[in-house]
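Novice: Listed below are the residues making up each chain.
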Amino acid sequence: MPYSPLLVKPMREELTSAGVEELLTAADVDRWMAQHEGTALLIVNSVCGCAAGAARPGVRAALQGAPRPDRVATVFAGQDLEATARARAAFADIPPSSPSMALYKDGELVYFVPRHRIEGRTGQEIAADLAQAFERWCVAAPATR
Amino acid sequence: MGTFHNDKGELHGITVVVDTDGPDVFVGRCHEVTPAGVVLLDVDVHSEAPGAASKDEWVRRAARFGVWGRHRHLVVPSARVASIRRLGDVATE
Numbered sequence: 002m003p004y005s006p007l008l009v010k011p012m013r014e015e016l017t018s019a020g021v022e023e024l025l026t027a028a029d030v031d032r033w034m035a036q037h038e039g040t041a042l043l044i045v046n047s048v049c050g051c052a053a054g055a056a057r058p059g060v061r062a063a064l065q066g067a068p069r070p071d072r073v074a075t076v077f078a079g080q081d082l083e084a085t086a087r088a089r090a091a092f093a094d095i096p097p098s099s100p101s102m103a104l105y106k107d108g109e110l111v112y113f114v115p116r117h118r119i120e121g122r123t124g125q126e127i128a129a130d131l132a133q134a135f136e137r138w139c140v141a142a143p144a145t146r
Numbered sequence: 009m010g011t012f013h014n015d016k017g018e019l020h021g022i023t024v025v026v027d028t029d030g031p032d033v034f035v036g037r038c039h040e041v042t043p044a045g046v047v048l049l050d051v052d053v054h055s056e057a058p059g060a061a062s063k064d065e066w067v068r069r070a071a072r073f074g075v076w077g078r079h080r081h082l083v084v085p086s087a088r089v090a091s092i093r094r095l096g097d098v099a100t101e
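Protein chains in written order, with the working numbering: chain A, 2 to 146; chain B, 9 to 101.
No lab work stands behind these hints, which were simulated from the structure alone. Just so it is clear, the structure is predicted and the values come from calculations on it, not from any experiment. All C-beta atoms in this analysis are idealised placements derived from N, C-alpha and C, irrespective of residue type, glycine included. A few of these clues could be false.
[To be verified] Here are a few chain A residues that face chain B, going by a calculated C-beta distance under 8 Å:
id	residue
1	ILE95
2	TYR112
3	PRO115
4	ARG116
5	GLN125
6	ALA128
[Claimed, not checked] Within a straight-line C-alpha distance of at most 25 Å, the following computed DMTMM-like cross-link-like pairs (lysine to aspartate or glutamate) qualify:
id	chain 1	residue 1	chain 2	residue 2
7	B	LYS63	B	GLU40
8	A	LYS10	A	GLU38
9	B	LYS63	B	ASP52
10	A	LYS106	B	GLU101
11	B	LYS63	A	ASP71
12	B	LYS16	B	GLU40
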């Protein structure tokens with residue numbers, strides 16, 4: 002059963018205040034996933050302690066640096082059920098976990114952070130992992146003639 | 009980082025690999041380690057056998073993507089536990 006909207010509001014705002022787009026419905030997810038060009042990070046947010054202590058602070062810190070994905074969005078597991086199910090369908094062969102993060106490049110999943118790579122770690126460690134992934138996948142290839 | 013239940017031990021809430029001396033290896037979220045055994049939630053188990061992935065191969069894949077919680081609750085008896093470690097500490101490459 003979803004938690005009170007009042008309780009999760011600050012958990013949502015911790016990401017949206019960093020410029021992360023919130024996907025509340027399946028239609029929102031479909032629209033966001035339909036754009037394939039460039040790089041995109043999808044965060045599966047949750048109420049658990051490792052989301053509060055590591056995932057959200059890690060994302061916020063990583064997004065302050067460069068390079069960073071062209072688009073960043075989030076769904077909230079256990080709250081926005083339809084949107085989360087639709088988002089997870091995009092990586093259906095990966096066991097569901099939350100929090101988790103998926104990085105896409107030109108529509109292809111290139112990097113995934115499951116919950117067990119978040120739990121027990123600090124926000125700084127998560128930020129460092131993300132920064133490394135952004136460095137690898139979010140740097141535009143030099144133009145060729 | 010701590011959890012809401014600090015009396016359950018440092019692995020409470022952490023996804024762990026519980027290996028045995030036999031063919032079985034378990035991955036699940038640790039609830040508690042007691043004298044009787046390791047209490048796991050949302051658990052998957054792999055049994056090494058001819059033609060199947062080795063325990064090491066299966067654990068490495070689990071470390072990359074996680075596991076399907078095929079068992080909601082499971083206790084691995086202490087007598088069967090050879091080792092317990094965090095899945096997040098397992099190398100993925």
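Novice: For each hint, tell me whether it holds in the structure or not.
Specialist: Do the hints match the structure? See the list:
1. Interface restraint check: A/ILE95 against chain B, minimum CB-CB distance 5 Å, threshold 8 Å, status holds.
2. Interface restraint check for A/TYR112: the shortest CB-CB distance to chain B comes to about 11 Å, outside 8 Å, so the restraint is violated.
3. Hint status for A/PRO115: holds, given a least beta-carbon distance of 4 Å to chain B, under 8 Å.
4. For A/ARG116, the interface hint holds, since its Cβ comes within 8 Å of a Cβ in chain B; the closest pair sits about 7 Å apart.
5. Using the Cβ-Cβ criterion of 8 Å, the hint placing A/GLN125 at the interface with chain B is not satisfied: the shortest such distance is roughly 12 Å.
6. Contact between A/ALA128 and chain B, as hinted, is not supported at the beta carbon level, the nearest pair being about 14 Å apart and thus beyond 8 Å.
7. Note on B/LYS63 and B/GLU40: the hinted pairing holds, with a Cα-Cα distance of about 23 Å set against a maximum of 25 Å.
8. Distance hint between A/LYS10 and A/GLU38 is unfulfilled; the C-alpha atoms sit about 31 Å from each other, more than 25 Å.
9. For the suggested pair B/LYS63 and B/ASP52, the alpha carbons sit about 12 Å apart, so the restraint of at most 25 Å is met.
10. A threshold of 25 Å between alpha carbons decides the hint, and for A/LYS106 with B/GLU101 the separation of about 21 Å falls inside it, so the pair holds.
11. As the CA atoms of B/LYS63 and A/ASP71 are separated by approximately 39 Å, the hinted pair breaks the 25 Å bound.
12. For the proposed pair B/LYS16 and B/GLU40, the alpha carbon gap of about 5 Å is at most 25 Å, so the pair holds.
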